[in-house]
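Protein chains in written order, with the numbering used here: chain A, 642 to 1058; chain B, 642 to 1058; chain C, 642 to 1058.
Treat the hints with care, as some may be off.
Said to hold, decoys possible - Computed list of lysine-lysine pairs in BS3-like fashion (alpha-carbon distance at most 30 Å, straight line): (1) B:K990 with C:K746; (2) B:K990 with B:K799; (3) A:K799 with A:K990; (4) B:K746 with B:K799; (5) B:K746 with A:K990; (6) C:K990 with C:K799; (7) B:K834 with B:K950; (8) A:K746 with C:K746; (9) A:K746 with A:K799.
Just so you know, the hints here were simulated from the structure itself, not pulled from any lab data.
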Amino acid sequence: MGSKYPRSMRGRLPLWTLMLEVALILIFFFFTNYDSTSKDHKTDVANYQLGQDVTVMAALGLGFLTSSLWRYSWSSVAFNFCMLALGVQWAVLVDGFLDQLSLEKVVITLSSIQRATVSAMSVLISAGAVLGKANLVQLLVMVLIEVTVFSATRTLDKEVLHSNDHLRLMHIHVFAAYFGLTVAWCLSRPLPKGVEEKDQRAVSPSLFAMLGTLCLWMFWPSFNSILLTQDERKNAILNTYYALAASTVSAISMSALAHPRGKINMTHIHNAVLAGGVAMSIPGHQILEPWIAMVLGLTAGLISIGGAKYLPVCFDHLLGIHDTCGVHYTFGLPGLLGGITYIILMMRKASRVGSLISSFHQVLISSGTLGLYVATGLASGLLTGLLLNIRIWRAPHVAKYFDDQAFWEFPHLAVGF
Amino acid sequence: MGSKYPRSMRGRLPLWTLMLEVALILIFFFFTNYDSTSKDHKTDVANYQLGQDVTVMAALGLGFLTSSLWRYSWSSVAFNFCMLALGVQWAVLVDGFLDQLSLEKVVITLSSIQRATVSAMSVLISAGAVLGKANLVQLLVMVLIEVTVFSATRTLDKEVLHSNDHLRLMHIHVFAAYFGLTVAWCLSRPLPKGVEEKDQRAVSPSLFAMLGTLCLWMFWPSFNSILLTQDERKNAILNTYYALAASTVSAISMSALAHPRGKINMTHIHNAVLAGGVAMSIPGHQILEPWIAMVLGLTAGLISIGGAKYLPVCFDHLLGIHDTCGVHYTFGLPGLLGGITYIILMMRKASRVGSLISSFHQVLISSGTLGLYVATGLASGLLTGLLLNIRIWRAPHVAKYFDDQAFWEFPHLAVGF
Amino acid sequence: MGSKYPRSMRGRLPLWTLMLEVALILIFFFFTNYDSTSKDHKTDVANYQLGQDVTVMAALGLGFLTSSLWRYSWSSVAFNFCMLALGVQWAVLVDGFLDQLSLEKVVITLSSIQRATVSAMSVLISAGAVLGKANLVQLLVMVLIEVTVFSATRTLDKEVLHSNDHLRLMHIHVFAAYFGLTVAWCLSRPLPKGVEEKDQRAVSPSLFAMLGTLCLWMFWPSFNSILLTQDERKNAILNTYYALAASTVSAISMSALAHPRGKINMTHIHNAVLAGGVAMSIPGHQILEPWIAMVLGLTAGLISIGGAKYLPVCFDHLLGIHDTCGVHYTFGLPGLLGGITYIILMMRKASRVGSLISSFHQVLISSGTLGLYVATGLASGLLTGLLLNIRIWRAPHVAKYFDDQAFWEFPHLAVGF
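Chain A on its own, in the form it takes in the complex:
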């Protein structure tokens, strides 16, 4: 157990993943077929481009966003990529079955793949919290569980609270953040001295992380509008632009304010500039004036930097949750801000047209939806964390946390970076 060498993954990784892939192929063989009816092709092609934007966010954006760890950049990018490839296949199946609530053949369309990509992004977000502390087998187990639970939660939401499709998917950030945090809580161990130093950022990997951030930032308007109709889309796009612009400015200034000599922290920037986009996910299409989006973006940036500065002290030392890439303040807190804004907007809308009772009813439903995703995120995250602690996964030893060398074949001359 205390061996200096990292545990070999050869007995686990190839066997499990190949078996999984074969199982997936068998399920696809028996239970799916393509949509052969002819439809409106023009819309298809326009949607294909929006879907590509989301794929860029998942593969490049979330992949490189977490690549700034000094000695863990290869794993960050490649594990993210592998989780995405598996997650998309699994999500198409789970979403298909749970959408029709039967075992009939699932019909696969272009839009079901795009929806699956968004579903799979939930795991990529959560993985940021456990990065460097889990091996690829554990991460792939997490993919299977999280995608299933997220899809089940959305089905529950649809059946009980009757939210629409867009709204259900946009609760991804709060769900994924709290799922990731509880998994990280289960996997967190006190770090030995030498390991803490590996949890550092270096110059060139930080530029790669900036590349990831920019890819997410640029295409976030597409993400927030992918399931909307043409009419609602415009507002969601415009509001996301404004919120992102405001959160960028506020994040950079707050980061300088938080440092005694006014220096900016690059890791803050990577995460906090995105807070505006996260905050717009749920309420974006309902906001009718740009200044509201800007106020929310500004607030999201403040919350995110505040969280990055003060939460680690509380979470790390008191609760023992080591949140490697700051998932809580990048996705969790701004997501909550967005959810609460949506509740207020719905309340105002209901009170304007109807009675006090309908307004109260609306608040109850909106808060119920937000609470549902947070609660299932926390609960399923806890179960997943406990499951991942079982020995059969050969989790990396704590001395090998944040270390690419445990997983990757390096050239014999250990060339720097």
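Given the coordinates of chain A, work out where chains B and C should sit on it, guided by the hints.
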């Protein structure tokens, strides 16, 4: 004043930028609203994709283009990003007010954001000339001034010379280049020995710069056609493709010719391959045969490499203008080439259909337009430069030029790059 | 000949390329004009976006894919870029002339540039095999020959075997791989001790290569569907998604299985995850069920990793072919798999509707097509390789293989990377 430590930005940056952001939100609150009339949604979505291409150029392209400085790559990318976020918000307002020439409510549409992104790119281009010699507060002041002046110049052009919308925006390169050069002239100081060494390029940052160059190169056809109608768009796209291809080939061969042992200079390549796209911005939609675009691309590449080789000697030593990223020969000279080509094309067109007088009139108008942008660029750049020399901005000391450490919190182990 | 210094390119590169560019402009002057007839603009713009995806694959994807060599990353990216710029110009001409089989004026449209970009990608693929062993002049000669031969082969295919446009272009992978391999065979020399060490991968360049891989991975569905009609496009896109996802999972697990301690090889990942997309190029639009695409993707991943593990032993030591970037197992073998799948699919289809004879006839035609591209690839590659061995090109000395310093002007302080 001669302190070894860089001046703290804490008293300036957060205060100023947050106040600015709050002021922006107030202006948006009182003076803007969204366009609520329903329009042709199909065109909107197609234009959204073209607009995304331009956002990629602004955030990734211009951000990473200047990231090749050895110890200044973080600031290059992140300051560019912050200027873009602020610039887009400001440009929407200024463009809106100056377009209607009244203080009525500005109606915000998707296309007004795209236009604002292009306007904001003027500052990103100019910033290349002063990179490493100004702090973020100075750069943000520059954003406010340059976007306002560029918008005012375009309004003047519209009212007096009646140019169309596309043509006005495409004079951005000459305007921005000469604005940047005069600001750089005001900020230039003789560099101490150690600082000159920081003005070097390293291998990995150069690859990031190559990434920026390629992002600009690939999406330049979208930039040159974003404001055109469907009919004119095709020619602008095709001509930009050809000019870029020709300038790439000529830039690489000229760079090898300029070196005594035939070696290619990476910094030349980053900039000069784009010369063809810059040269196509103004006349692109009026060129009806591919060979003309190719000749212009070839010439633009030659001029750009020639400028990179011989201009620094003249500008740096005689005039004392230190143009960090070669804005003059990347955007200035090829932009002038494009402007002059447009004058010739207009003259030929007028002389073919009309009398000598109408031909002469056309030349006068086209040259007037080009001259207007160069002149306002030079004049407003000079005023901005003088303004930025005031002490209140806490400009970085000359010993801290080109140094990320003045602005960024670095990890305690100064990991390489 | 045995000089320590790399041979100067000054006498060759600028002269040849400028002359070439001028010759191209002259040909464009006499033999081309733009399409001035008005057409369906909506389709044009939708296709423009698909074409942009392919440009991203060619410039960013194939450029950075090969950038992981320790001391050759600048040349990988920049030479790829230069070859693309020249290749597109040349391919438009050659394709135009061979398409109409006369010397009439070639009409240039947006789609002819996109087709030319795909044609030019054949050289970018082949260049991976000779990377680090040829100078830019040799590579540009290769561009001229390979684009011409590829276009001629497609014309032969069209005239004799009557394949459609899409199918002809999708044989690019097998053609380019075998072309590249035979050129590499001619240029391969036993490497001295010090040079072998340069054939290593480092951390940061490997992340750039990952960026290239991801760009190719994300946009491969656009590549496989660019020449299809709206109806066929959907299946090709969906199948490519599934094949890529399956090959990613199988490549990562096989790479771990192939290492005694279960470690993953980054170079394998860069190449093998793309095998699914390559395998889908030829048969993609004819596959009607997702599980077939997934089985093919899985198999392609296995073949690719198997090839990466065992082929170098055989090829390198027995045949003396040094395939720098593993073109054979990235593009060659998966391409053959796709070709054979297409033959089987066509046979099944023919046997279902028609007689045994028509089925046999179909097999003959499909195999003939595949064989044609492999054969012309091998033959023309051999001739090109022999031509490139002539002394006039000043090929780099074997001691300067894989070395950026032979071609690039470096800053005086040799900053690491």
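So, going through the hints one by one against the coordinates:
1. B:K990 with C:K746: 24 Å, holds
2. B:K990 with B:K799: 21 Å, holds
3. A:K799 with A:K990: 21 Å, holds
4. B:K746 with B:K799: At roughly 21 Å apart (the allowed maximum being 30 Å), K799 (chain B) and K746 (chain B) satisfy the hint.
5. B:K746 with A:K990: 24 Å, holds
6. C:K990 with C:K799: 21 Å, holds
7. B:K834 with B:K950: Cα-Cα ~22 Å, so holds.
8. A:K746 with C:K746: 54 Å, violated
9. A:K746 with A:K799: 21 Å, holds
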